[in-house]
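Asks: The lines below spell out each chain.
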Amino acid sequence: MNREELYAIAEKWFQDQGWKAFPFQTQTWTAFLQGKNGLLNAPTGSGKTYALWFPIVLDYMKKNPNYKTKHKPGLKAIWITPLRALSVEIKQAAERIVEDLELPLTVGIRSGDTSQSERAKQSKKMPDLLITTPESLQLLLASKEFAKTFANCSAIVVDEWHELLGTKRGVQMELALSRLKIVAPKMRIWGISATIGNLELAQQVLLGVNSEAYQNSVLIKANINKKIKVLSILPEKMDSYPWRGHMGLHLIDEVAKIIRRSKTTLIFTNVRSACEMWFQAILEKYPEFAGDMAMHHGSISRETRLWVENAIRNEDLKVVVCTSSLDLGVDFAPVETIIQVGGPKGVARFLQRAGRSGHQPGKESVIYFLATHAIELIEASALKKAAARTIVEDRIPYLNSWDVLVQYLNSLAVSDGFYPDEIFEEVKNTFCYQNMTKENWNWILNFITNGSQSLQAYDEFKKVEIEEDGRFKIHSRMIAMHHRMQIGTIVGDASLNVKFLSGGYIGSIEEWFASKLQPGDVFTFAGKRLELFRVKNMQVLVRKADPKKASRVVSWMGGRMALSVQMSELLREELYAANTDKLTPELIALQPLFARQRKESIVPDTNEFLIETFKTREGFHAVFYPFEGRFVHEALASIISYRISLLSPITFSLAYNDYGFELLSDQEIDMESVFDNNLFSTEYVHHDLQKSLNSTEMARRKFRDISVIAGLVFTGMPGKPVKTKHLQSGSQLLFEVFRDYEPDNLLLQQAYIETFEHQLEEGRLIQALERINRQTIVWKQCKKPTPFSFPIITDRLREKLSSETLAERIKKMTASYMK
Amino acid sequence: MNIIINNQDFILHQSGAVFWEKEKILLISDVHLGKVAHFRKHGIGIPNNAIFENFARLKTVLELFNPTTIVFLGDLFHSKINNEWNLFVQWTKEHSQKIILVEGNHDIISKQNYSDLNIEIFNELEIGNFLLTHHPTEKEDFFNFCGHIHPGIQLRGLGRQFLSLSCFFHKPNQLIFPAFGEFTGNSYLIPTEKDKVYAITKEGIIEVAIN
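Chain order of the listed sequences is A and B. With the first letter of the first sequence counted as 1, position 263 gets the number 263 in UniProt numbering; the numbers rise by one all the way through. With the first letter of the second sequence counted as 1, position 116 gets the number 116 in UniProt numbering; the numbers rise by one all the way through.
Any given hint could turn out to be false.
[Claimed, not checked] These stretches of chain A come out as covered by chain B in the derived footprint (C-beta under 8 Å, 3 or more residues):
1. 548 to 555
2. 650 to 658
3. 805 to 813
[Claimed, not checked] Straight-line alpha carbon distances no greater than 30 Å define the calculated DSS-like cross-link-like pairs of lysine-lysine that follow:
4. A:K144 to A:K125
5. B:K24 to A:K812
6. B:K80 to B:K93
7. A:K257 to A:K528
8. A:K811 to B:K171
9. B:K80 to A:K462
10. A:K473 to B:K194
11. A:K800 to B:K196
12. B:K80 to A:K516
13. B:K202 to A:K691
14. A:K516 to B:K194
15. A:K438 to A:K462
16. A:K473 to A:K428
17. A:K800 to B:K202
18. A:K536 to B:K80
19. A:K548 to A:K516
20. B:K111 to A:K811
21. A:K812 to B:K196
22. A:K812 to B:K171
23. A:K784 to A:K800
24. B:K93 to A:K462
25. A:K812 to B:K202
26. B:K59 to A:K516
27. A:K811 to B:K93
28. A:K144 to A:K516
29. B:K59 to B:K111
30. A:K516 to A:K438
No lab work stands behind these hints: they were computed from the structure. We put the CB at the ideal spot given by N, CA and C, even for glycine.
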């Protein structure tokens, strides 16, 4: 069959559905059938699934002219999705094509939700088209004779590549692809990405630096422009607007009005606990919604989530309170309205959420922004500008993630083993490890074989063994089993399954939260009021609670998001506009707050850098306002407090948000000396950052994930009771042992590098300091906290930095006794 | 730091050891020897050098106090026998002090191993009106020395300052020892009005103010 005939088949199918293929779809078909690799830039709900399932199927028909009668078994294509929830939809799309074209192809899903028996069946006979996750793909690479499984695979599609890029799951994909290129030489590699700032780089990361695959690739853009309208939810009277972050519940009545007006509304919150609270609050104040309302977040059981997703599709629900768990993929045509509670921090995320509504072509997407505290309203007007100018962020890929490499090599070692020289070349061709030296490589090999020590007689380290012919292999069945259980790069706090005493799985909560509960305590989770019966074997057994009993809402740890560079710039622009007469509705609404701010202090202009100092019963506060986003403030707070601490012994507690940072101390901070000693200098930034104790604290937290990914902390199966307590150790403890006894360990060093590059963003920090140096410093000695300072000084998540001795500090501190 | 309990003098050392002056006994709890080797044996690459820190610490306190007897208050050896045991055997051969082990929950290796080294083993040990155990135990008319918990304390101060440290936890009739071993963690206790807390720093021991 020639290409024309194949296109005719595809186009006829589209006609039968009453559709017409978009140019980006036909372009993708052509490129694929020409044997090219590529990256397709297309938004959710645009028909991107058909842009790639079709050529995969057409290619099969082309190569097997008698496909209708003769079926060659074996894996033909892999579709990678970052979210298990999306796999059902992708499978349905594939099945639709296969059935309509009367092809004898089977479609299967393999993910964490796939049962043991199903997996075993698949291992014997792989489906023709397999939909899976990056983790499950790694697991396949960790099984015996995996090379055979993939040998005749003709395509791999990595969906939502933008979500993986810039995470360690992306690195995991890079490594898997480096292997698959060799074991499946005929395989085309395709990625699908939403719009991000660095699409060209995304393409290169997917395909490998200077690789043949990259040379033979294309970037196809769907260019579907969607109109997005951003509306702020403003109260009638601004007096009631809280100064600091809350849940935004004071606007619940306005939200209810919006819900009533539209068919289906999705309310996005930034964290799971806010999701739980909003659900409760609406239920209590507007019980009439009870039957048409649901909640969706990552810790709720899969059955419930699937039910909610289906209910949205079937238009059974009026309102769903959700988190980023509903960000991706799933196409919800009936959704009319989106409400975003709290700052979304990034433009891309916000636009993507906005895109969840108004799926009909040409229809405008409307998103309401609900600021949880007054200053967040500035974010709203910044977001409007972003949407108008379609500004989007870059996703920065990881470099030299040794933890992921260690895990990958162990995976290869539990499958058929590997020969280092062969794998070195493959790994070196990935984007992540392009700068890896032979020395780094040898360190990694030594780490997995000797536990990073040289061979010593008394040492009993055992993991990967080197066979006579030079093959690296894990022989111990127990170590292999432990490794398979731990494959993955998403590290969460240990979580416990929540179950009813009578049976029935509800979801999972984190261990630290469970540990705060006593039997009989009531908590709200998944929209239910539950009473704790007991915690046993990693299971939280509960029963329905007495509705009159007081309850607390489950909360989860989890990083806070920081404003992207693009957002911070827009935010500054908006704020500086406050002193002009070009006021947006949000800025007009904020006038009372600005008036209060000006009474005690100022609203800074473009050329002003504001510092406020004041005393409260907590101690002496100094608040700085660079408006550079949380991560930069974290670094600035770290470096400025370190420099001040060199002048005289002092201890600080540091807090920061997206607008500024605070140094809090029990002593008064000598501001004059801060200015006299030029403490905002850009000189020695790297040195000072490294020296500040704070970076150690951050590295310690980075090390937590690294140690789990590299297999130094054994966490066991998620939700399963751990029988290996004797092999558990806190990553805190590990960090200290490595710091004290093996400071040159690459994994430890990686923790510092990630701190400086990903967390502290040294580059952005220097730019920020340069900007501050060009500005006039305005130091206001205030009598009390200002509206600007309020959200920062009330933040309880803090870092510390001290140049006092431990003894001096202990003498000033106390332990409170049990009352 | 010197403290007096039941009219006897004791010296608390920042390593977590306590020297009983009159009896010339050195008390040590929760060394957890063999833990590093145990992890390594199971493919978890903890730095091997951490093993030697425990022996270095033992050397320091032995030279400082020159005791005639060493009493380990349990959890001396973390796991099943591994090569770290050989290092311990070597160590005992180089020392003439009498060694006693009060058994802890981690001490699961065969008692024969200890008796071969002339180490006496007790479930609990009474010396005068002092009761030495691994798990905190209350017995009328006795003051209890024990370990097991790995106590730590959390302090707070003006300016939202917080600190967490290992400590000796002194209850009216009990002294809970910190873990002596490297690569062991803490569990944080909340004192009552009647308790005293001695925090451990590298420079020395500091009594914590409680309010």
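Asks: Evaluate each hint against the coordinates.
Replies: Cross-check of the supplied hints:
1. 548 to 555: Contact hint for the segment 548 to 555 of chain A vs chain B: violated, 0 residues under 8 Å.
2. 650 to 658: That given contact holds, which follows from 3 residues of the segment 650 to 658 of chain A lying within Cβ reach (below 8 Å) of chain B.
3. 805 to 813: holds (count 8)
4. A:K144 to A:K125: holds (14 Å)
5. B:K24 to A:K812: Given pair K24 of chain B, K812 of chain A is violated - Cα atoms ~35 Å apart, limit 30 Å.
6. B:K80 to B:K93: holds (21 Å)
7. A:K257 to A:K528: Roughly 25 Å between the alpha carbons, so the hint for K257 of chain A and K528 of chain A holds.
8. A:K811 to B:K171: holds (21 Å)
9. B:K80 to A:K462: With Cα atoms ~16 Å apart, K80 of chain B and K462 of chain A stay inside 30 Å; holds.
10. A:K473 to B:K194: violated (58 Å)
11. A:K800 to B:K196: Roughly 26 Å between the alpha carbons, so the hint for K800 of chain A and K196 of chain B holds.
12. B:K80 to A:K516: violated (33 Å)
13. B:K202 to A:K691: The hint holds at about 20 Å.
14. A:K516 to B:K194: holds (25 Å)
15. A:K438 to A:K462: With a Cα-Cα distance of about 23 Å, the restraint between K438 of chain A and K462 of chain A holds, given a limit of 30 Å.
16. A:K473 to A:K428: holds (21 Å)
17. A:K800 to B:K202: holds (19 Å)
18. A:K536 to B:K80: holds (27 Å)
19. A:K548 to A:K516: holds (21 Å)
20. B:K111 to A:K811: violated (45 Å)
21. A:K812 to B:K196: Roughly 17 Å separates the two Cα atoms, so the pair holds.
22. A:K812 to B:K171: Status holds; Cα separation ~23 Å.
23. A:K784 to A:K800: This hinted pair holds, its Cα atoms lying about 23 Å apart.
24. B:K93 to A:K462: holds (29 Å)
25. A:K812 to B:K202: holds (18 Å)
26. B:K59 to A:K516: Violated, at roughly 41 Å.
27. A:K811 to B:K93: violated (43 Å)
28. A:K144 to A:K516: With Cα atoms ~44 Å apart, K144 of chain A and K516 of chain A exceed 30 Å; violated.
29. B:K59 to B:K111: It holds: about 25 Å lies between the C-alpha atoms, which stays within 30 Å.
30. A:K516 to A:K438: violated (48 Å)
Of the numbered hints given earlier, the model fails hints 1, 5, 10, 12, 20, 26, 27, 28, 30; all others are met.
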